[in-house]
Amino acid sequence: MRSPRRLILFLTASLIIPALAAIAAPPAPAAAQAECAVDGFTDSPIEIMAPAAPGGGWDTTAREMQRVLQEEGIAPTVEVYNVEGAGGTVGIAQLVNDEAGNDHQLMMMGLVMIGAIATNASPVTLEQTTPISSLTAEFEVIVVPAASEYQTLDDLIAAFQADPTAISWGGGSAGGTDHILVGLIAQAAGVDPTQINYVPFSGGGEALAAILGGQVSAGVSGVGEWLDQIASGELRALAVSGVAETGDATPEASADGAAAPIAPTLQEQGIDVELANWRGLVAPPDISDEGRQCLIALVETLVASDAWIETRATYGWQDFARFGDDYGTFLGEERDRVTGILTELGLVA
Amino acid sequence: MQAFADLARGFEVALTPENLGWALIGVLLGTAVGVLPGIGPALTVALLLPVTYKLAPISAFIMFAGIYYGGMYGGSTTSILLNTPGESASIVTAIEGNQMARRGRGAAALATAAIGSFVAGTVGTIGLTFLAPFMVQIGLKFGPAEYFALVVLAFTTITALLGSSLARGLLSLFLGLALGLVGIDTLSGQSRFTFGIPQLLDGIDVVTVAVGLFAVGETFWVASRMRHDPDQIIPVKGTVWMTRQEWARSWKPWLRGTAIGFPIGSLPAGGAEIPTFLSYALEKRLSKHPEEFGKGAIEGVAGPEAANNASAAGVLAPLLTLGLPTSATAAILLAAFQRYGLNPGPTLFQQDPELVWGLIASLYIGNVMLLVLNLPLAGVWVRLLAIPRPLLYAAILVFAGLGTYGMSGSAVDLVVLYALGALGFAMRRFDIPVAPAVVGVILGPVAEDHFRRALQIAQGNYATFVTRPISAAILVLAALALIAPVAIRWWQSRRTLTPVPPSPVEP
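These protein sequences, in sequence, are chains A and B.
Sequential numbering from 1050 applies to the first sequence in the numbering used here.
Sequential numbering from 187 applies to the second sequence in the numbering used here.
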């Protein structure tokens, strides 16, 4: 099924790789993890499916993971391929239906996939997969244009409570992370979620343009997206969606790469909401327990490596590693929470 | 002027042998992926990103810019010769360009596309150099209501494409609008006309529609006529290069296309498709040979090709000044900036002027390279048409299938492609023009999204379209574009006092 596509990718890449070979650094060997009981597990190639188009968040994470695994010698051969469509539900269907029992197969996924499974009424769900690990998280930020009358989150929430429909929220696709956050804020602020005036923009910079141009009252996005506009003062950050205790928007309170907070959290400002756009990995159904342990060990080695920590810092991804059963429990909690709010928003029947 | 000094510094950076080498690799790769349907510049840059990690940022961006501009040049080649547009911005080019190729003027069509792209790319880059901050400030005044008005203006293009029968043209348009509805509705997140097939949830790609209706439909039609019509190889008539008359008919459309493409491209949600439609409609209006439109009018290639390249330059204005990606490729370029720890936006010009101005200088260089590369190639490419028809059309089918599959890796898309091919065949059989359907697929969803977004922001108040001055002005322009030709004809016919049979369609 996938080989012609790979051929095209290979041909495209092969045009350029020779030119780059001279500058490529030799891979540095890394210490192997002991937990994997299968000898030579990484001798066969590990495949990672990115269930979205090249260039998006899942694809970028998968390809960076591939690079670090190979360069650090954690796994010598890692292949990434894309199965696009419908918030990842095309990819998960393929993982469950075609790859069952294959313990050298991983799929990148995250919060967005939980939402897409619910809104698209996908017949295949995450319960059918084997949870391996979560990897990274990015928190959300709420902004208003510099010229906005809303100076603080309190101002915005007060206006929102007074007349919900008068506040238009610009963000990503309907039912995505941004929309979910607005729904959770409405719930916490005692506003009927069906009254929300949420204006979805299709990717790219359309939402940013609408906020900068004052077309919508407020904007919601991942914290990394608009850092420059916030730094230059064109956008005012009112709140981030991290947890209150640490204040550095890091649930696991990892010391590395945590920049100074760009705004107080929602919880610190009396809105009891935290939400992370996290990404993680699942494996196909029916894989052996040894295979599962080896995959978990593989990701443990990855997230502990300096190269991965450096990569996370480059992209501003927070550490968000939970493994195996812990991760499975977390998936269940997130599913209940996300499905609940999407139902209230009227997106899930 | 400060910009000149900055630009001179940029040329210093871009003209090093190493960076010139990367620019050359970029334009070659870009031309190659532009020619192959289904692999666009966005995908190529995305796939190259991890590979270029070890490069200096400026070298990587010079190469990416070459891919970006190269893709725009290469996209026209298959449109013109094989009626198989590689990306949505060159769909309009296929309409007149392929007709020119059939009349033996394929090389001239390729040449006017290449020179038009060069003129527009260069003028657009000059615009980017000096006008970027100004254009962007205007762009931010555009909200959903203004974009909707702009799409309404683009819809007036339909009148130039309808063909001889109003009913058939509108049938085709509505078919396209219906196809555009398939998939998840952006505003409500609900699926429409997907019949439980998950692969349809993201909608049907416009390139698949264009390739299915144009190329696959055409192939079926040719196959069905094979026994009836003798096989004839399309001769290259006259000189391979553009004649004096073709030059005379091309230069104004190049400039007009540029004037339309650059400002719309620099709008945050302007895109490359709307300017190509507007340019096509304008050229048909202004042409001294409107009867040639639909049969291979060179203005219909020169204008839209200039428009799409100028818009490609325009797209970089909001990206570099605001960090605002307005196309798929721009979004990937933004990701690339972030990959290198750079934040394009208001502070990039101060933070890293060498990179920004080096990039802009490399655009000038890339344009020259692409012209030098593409003009001689036009004579080579055009020999493709000398291939006997059964072989040529078999190759087109392979090409169309490979491109469609390459875009998503989904077999469902191939089924959709051939279903659309069958539809295209039926439309040819019953003499229904296919171009309006493609316009419907492109503009329909855009119009709907902006219309509903505008209403949602205005809390359901329809007056928002006429009370906002820019929106109202564009709508008036659209009304004039529809009414003026009819009114002028009516007035002329009154003056000459000759009875004119009532005609439902304008020229």
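Just so you know, not all the hints are guaranteed correct.
[As the list claims (entries may be wrong)] Computed footprint of chain B on chain A; a stretch qualifies when at least three of its residues, placed anywhere within it, have a C-beta under 8 Å from a C-beta of chain B:
| id | stretch |
| --- | --- |
| 1 | 1105–1117 |
| 2 | 1121–1134 |
| 3 | 1155–1162 |
| 4 | 1214–1221 |
| 5 | 1230–1239 |
| 6 | 1321–1332 |
| 7 | 1372–1378 |
[Stated by the list, open to error] Computed, partial: chain B to chain A, Cβ under 8 Å:
| id | residue |
| --- | --- |
| 8 | Gly-329 |
| 9 | Gln-385 |
| 10 | Leu-387 |
| 11 | His-414 |
| 12 | Leu-641 |
| 13 | Asn-647 |
No lab work stands behind these hints: they were computed from the structure.
Note that this is a predicted model, so its numbers are computed, not measured.
Beta carbons: idealized from backbone N, C-alpha and C, even for Gly.
Compare the structure with the hints numbered earlier in the document and write down the numbers of the violated ones, lowest to highest.
-> 3, 5, 6, 7, 11, 12 and 13
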